[in-house]
Amino acid sequence: MNWSIVAGSATGLHHVEAGLPCQDAFAHSRSGRWFIAVVCDGAGSARHSDIGARHAAETIVQELSLISDMAPGGLCDARFFWHKAIIASIGSARMQLKKQMPEQGDLSDFHATVVGAVAGPDYGLFFHVGDGAGFAVERGHWESVAVSGPENGDFADQTFFYTMDNWRDHLRLTFFDPAAEVITLMSDGAMAFVANKLQNGLDPKFIVPVIRYLDTVDEQTGSKALTHTLDSPQTHAITGDDKTLLIALKRS
Amino acid sequence: MSQAMIPDVQFSDNTNQRTPCVLVLDGSSSMDGRPIEQLNEGLKTFESQLKSNSQTALRVQVLVLRIGGHEEAEVLCDWCDAIDFQAPVITANGTTPLGIGMQMALDRVETQKRTYDANGISSTRPWIMIISDGEPNDQGWEDVARRCRDAETRKKVAIYPIGTESANFDALALFSSKSPKKLKGLNFNELFIWLSRSMTAVSSSSPGETVQLPAAGWMEAEA
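Residue numbers (this note's numbering), protein chains in the order written: chain Z, 1 to 252; chain H, 253 to 475.
These aren't lab readings, by the way, just hints derived from the structure by calculation.
Simulated crosslink set (DSSO-like; lysine-lysine; CA at most 27 angstroms straight-line):
hint: 1; chain 1: H; residue 1: Lys433; chain 2: H; residue 2: Lys296
hint: 2; chain 1: Z; residue 1: Lys99; chain 2: Z; residue 2: Lys84
hint: 3; chain 1: H; residue 1: Lys303; chain 2: H; residue 2: Lys433
hint: 4; chain 1: H; residue 1: Lys407; chain 2: H; residue 2: Lys433
hint: 5; chain 1: H; residue 1: Lys407; chain 2: H; residue 2: Lys365
hint: 6; chain 1: H; residue 1: Lys408; chain 2: Z; residue 2: Lys197
hint: 7; chain 1: H; residue 1: Lys365; chain 2: Z; residue 2: Lys197
hint: 8; chain 1: Z; residue 1: Lys197; chain 2: H; residue 2: Lys303
hint: 9; chain 1: H; residue 1: Lys407; chain 2: H; residue 2: Lys434
Among chain Z residues calculated to face chain H with C-beta under 8 angstroms, some are:
hint: 10; residue: Asp157
hint: 11; residue: Ala192
hint: 12; residue: Lys197
hint: 13; residue: His228
hint: 14; residue: Thr235
hint: 15; residue: Ile238
Have a look at the derived ranges for each label pair, beta carbon to beta carbon:
hint: 16; chain 1: Z; residue 1: Phe175; chain 2: H; residue 2: Gly469; range: 50 to 58 angstroms
hint: 17; chain 1: Z; residue 1: Ile67; chain 2: H; residue 2: Ser306; range: 42 to 50 angstroms
hint: 18; chain 1: Z; residue 1: Pro102; chain 2: H; residue 2: Leu310; range: 41 to 49 angstroms
hint: 19; chain 1: Z; residue 1: Gly19; chain 2: H; residue 2: Gly469; range: 21 to 29 angstroms
hint: 20; chain 1: Z; residue 1: Gln234; chain 2: H; residue 2: Ser281; range: 48 to 56 angstroms
hint: 21; chain 1: Z; residue 1: Asp106; chain 2: H; residue 2: Ile373; range: 29 to 37 angstroms
hint: 22; chain 1: Z; residue 1: Pro204; chain 2: H; residue 2: Ser306; range: 21 to 29 angstroms
hint: 23; chain 1: Z; residue 1: Gly153; chain 2: H; residue 2: Leu310; range: 20 to 28 angstroms
hint: 24; chain 1: Z; residue 1: Ile87; chain 2: H; residue 2: Gly437; range: 55 to 63 angstroms
hint: 25; chain 1: H; residue 1: Lys296; chain 2: Z; residue 2: Thr174; range: 43 to 51 angstroms
From a predicted model like this one, the values you see are computed outputs, not experimental measurements.
The C-beta atom is built at its ideal place from N, Cα and C for all residues, glycine as well.
Work out the full structure, taking the sequences as your base and the hints as a guide.
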């Protein structure tokens, strides 16, 4: 199975005006039969959240890639396998951060959300801590085969991070059918215009022209154009937040 | 082509997010004259400022309560999107039943949150702005003030007490974990411009984000 992967991030105007870096990050890999990707969104309130986001995205993808070939085909065994593997990879990202930071440092300085996807020949799954979203869809059917939606606290300005002590309580796994042909991961900044109003699928007005274009170009060109699209005045008019979108397209 | 946007893409703002803002306004007798005139002017400015930003106009929801009369709190403008907000006219007469007003504000915020939840609408933490020139004089206001601080601690609301020159700042301080702010003269206009800009910042913020609020030029410098 072959996946074409494009991704991009755009720094929100709020962060540009405050002289802050983009606090979103993404990473992805293809490992044997598996496609693995993660999007992280650093908390605006945490001073090193850009580092926390980048570190988590890279570490989790790297660690899951190393063990993906051992993943079982059956869904029952797979649930146990991936649950354990994802906990280990996030645990490893936390441990490495703790080792690297100064003595007086605190993991909360690196707060970031995590939304990731693993897809193989027999099934796919989302794993998720906090907000942002993952949608797995079939082409032409933009309501999702599977959704991993945001988890917020009492209000939309509260969420959960892999750097919290109780992050395991907020880890969610959502398995989906291998029929999914388009897998998207996004930070919450991109959700406003990529997801539909009900947040149960993708907005065709956005995703149809995007996929039509991506079908005609290579990954590098597609990623550049996607980044420019995310960085357009129209998106900045909708939200001042950073915006990240990763799209994986199944190729026959 | 690689430097350009993807062609034909349309962007909709599909965010189902609301930013609730409650004004608890002192309409007691002591506000009569220039203070109430300036407050009413400020409210008109608030209306036009909220409507001048399309995102703010659609995401911010406003509720206006007046306290005054004989220990009364009344809803002058029930919850509405900022785009539909019509600045009410505040009249000055009676006492300052701030406890009754704040209890009503907390109750209305809770009910509105339930409405959001029932309709799958997310919301940012509600702001409650208290604007007063005096001190609370209704029975039991201290208990309500305690409930207000408790609601703040539990991150249910953010409460901003603002007083004019003659306000009892010690009493206002009991309604919030934040220290009350003193209005520079009767600069209500600038206060409401600041509030509208703050609402714009909050309504376009994202989860976990610390929002950078605009400079508060309406505020008297703190010692």
